[in-house]
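**Q** What follows is the residue order along each chain.
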Amino acid sequence: MPDTVYELFTNLGSWLTSAEQWSGPDGIGHRLAEHLQYSLLATLIAAAIGLPLGLLIGHTGRGAFVAINLASFGRALPTVGLVVLVFLASGLSMWPVYVALVALAVPAIVTNTYAGMTAVDPDVKDAARGQGMRAHQVLFQVELPLALPLIMTGLRLALIQVVATATIAAYVSFGGLGRYVFDGLAQRDLVQVLGGAVLVAVVAVVLDLALSGLQRFLFRHRTA
Amino acid sequence: MTLYRPGKGHLMIQFDAVHKRFPNGTTAVHDLSLEMPEGGVTVLVGSSGCGKTTTLRMVNRMVEPTSGTIRVGGKDVLAQDAAELRRSIGYVIQQAGLFPHRTVLDNISTVPLLLGWGRRRARARAAELLETVGLAADMGKRYPHQLSGGQQQRVGVARALAADPPVLLMDEPFGAVDPVVRTQLQDELLRLQKELSKTIVFVTHDIDEAVRLGDRIAIFRTGGHLVQYAPPAELLAHPADDFVTDFLGAERELKLLSLTPLKDVPQAPAATLPADEPVSGISRSDGRWRLVTSAAGGPLGWLDTDALPTSGTTGEAPLRPARALRDTDSLLSALNETIASPSGFVARVDADGTVTGVTAREEIHAHANAAHAAAGAAAARTAGPDSTAPVTATATPAERPA
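If you read the protein sequences in the order shown, they are chains A and B.
In terms of numbering that gives the first Met the number 0, the first sequence opens at residue 0 and continues consecutively.
In terms of numbering that gives the first Met the number 0, the second sequence opens at residue 0 and continues consecutively.
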């Protein structure tokens, strides 16, 4: 058994580092680009939906139950089921993948945006209004900047989740790093499966570290 | 009804039959009619839930009255755009409410920028105000969390003053700082007010703060009832009812003395001893306790001539502390010193700290008594039959001890 594991990792090492594995339309470089493209696009769409929603709920204080229930909805969402459902409804296209990834990302964005907005000190909002700011000025000059650290955390969490889940694009015969996982499973090529999984994990971790670094830099003047 | 302040004529803020009932049914302010003349500090005081903060917040429409009219500078506040009204009125709240993501300078620039002054002019004004409120110029680049509570509160005042509004609303601004800093901030506010002559509405639950800062004090009772509105001396000398008497506390008469300066109390020449006088030659004919002074004429302490050391100078002998008082100090401070002084005399100094004379304990007591009687008589003259009615604040507040 230890020999097999050792062999597996040696093979994985050469799989990951071989030059031909990185080039060509089926190479890691291309698959990585596809994977990031799906993830970023899905997160952007989710942000376009989730941010205004979270800001609106946070600013008005109305519809808080939406924000709170979305969080549990997000956790309970069967992503693969959703892909299949939309796939059956729409036929072969990238639609099912994007619908599923966006549905996955929206709750994290809404919930964190809402949490960031409610965490703004009421005294500060009161002072902003009392100095003569109009509602939109309070929102964009005070609430939004103060909620920004948590909003960014929401975006980061959403992106990481989406990156990890974008493997399902391959499930409905599209590209991305998931290709290796599903092809490997079909071909009973364990090294390929593991290679795909490791790549997805590395991309997720690197993105997470880079973005939290960026957050720390941007908000270095804030107190904890 | 005439309202009068020297040099200033007209009313700045008027409440006319104002009611405020919140949606949950509680009445915060009940049939309030109140007038505040231009210039001077009006303190709204009362226990929590008495409607004093609601009253303050109705002035800049942070809360809207259920009925009645509020005018600022003669104009109905409800007829104006709320945001523009608020930009024309300074607003300071407890904990300062500074914007944590903006530097001190940017915080102070808030209203000028809202008014469209342009960044450069707003910044220049903000830098000027830092100095006005007694903060060093390098504080401007800091963020609020890098300042102490007292410094934050100064920034809050600077922010409120930025567009030079005629009216300043202050909602328990010094409630969250320690007593030492609070006293400093109160002194600063009085100094600023001397320079700027704003119409200030100040909310507090601390009656001592009210007496210290107020030109007029409005006392509220739970349920939003205005109980009495009068200058501090009148309030202390003639509380309208038992509620006010209780609220003013057991030291009411002493508080009254805190309003009277020492300058009219005569002083006798002091038989002082210079610090370099040898103790051997001191005669005891000038009383047991002698005031020893430094070369500059400042008081060093009381020397007991019954217990003189055998050699050395008076400056080397053991002395009992003497806290000398200036003309601007209050009768209350003088009374306090009569308790501490071993000699029965209070040392008096001029503005430079040079001893000018002494005043006997009996003299101070007599003046304290007279001051109390005078305040009572003045209050009786001005109060009239309905002292709770919209104010007759005709009495010029006594010159305030520093």
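No lab work stands behind these hints, which were simulated from the structure alone.
Among these hints, one or two may not hold up.
Stated by the list, open to error - No farther apart than 30 Å at their CA atoms in a straight line, the calculated lysine-lysine pairs in the DSS-like style are these:
(1) 140/B - 124/A
(2) 262/B - 193/B
(3) 124/A - 74/B
(4) 193/B - 140/B
(5) 262/B - 74/B
What the hints assert, rightly or not - Beyond 10 Å from chain A on every Cβ pair, some chain B residues (computed):
(6) 77
(7) 82
(8) 96
(9) 155
(10) 195
C-beta: ideal position from N, C-alpha, C; glycine also.
**Q** So, for every hint listed, does it hold in this structure?
**A** So, going through the hints one by one against the coordinates:
1. 140/B - 124/A: holds (22 Å)
2. 262/B - 193/B: Given pair residue 262/B, residue 193/B holds - Cα atoms ~20 Å apart, limit 30 Å.
3. 124/A - 74/B: Holds. Residue 124/A to residue 74/B sits at ~27 Å (cutoff 30 Å).
4. 193/B - 140/B: holds (29 Å)
5. 262/B - 74/B: Not satisfied, since the Cα-Cα distance of roughly 42 Å exceeds 30 Å.
6. 77: holds (16 Å)
7. 82: violated (5 Å)
8. 96: violated (3 Å)
9. 155: About 8 Å separates residue 155/B from the closest Cβ of chain A, which leaves it inside 10 Å; violated.
10. 195: holds (18 Å)
Comparing the model with each earlier hint shows violations of hints 5, 7, 8 and 9; every other hint is respected.
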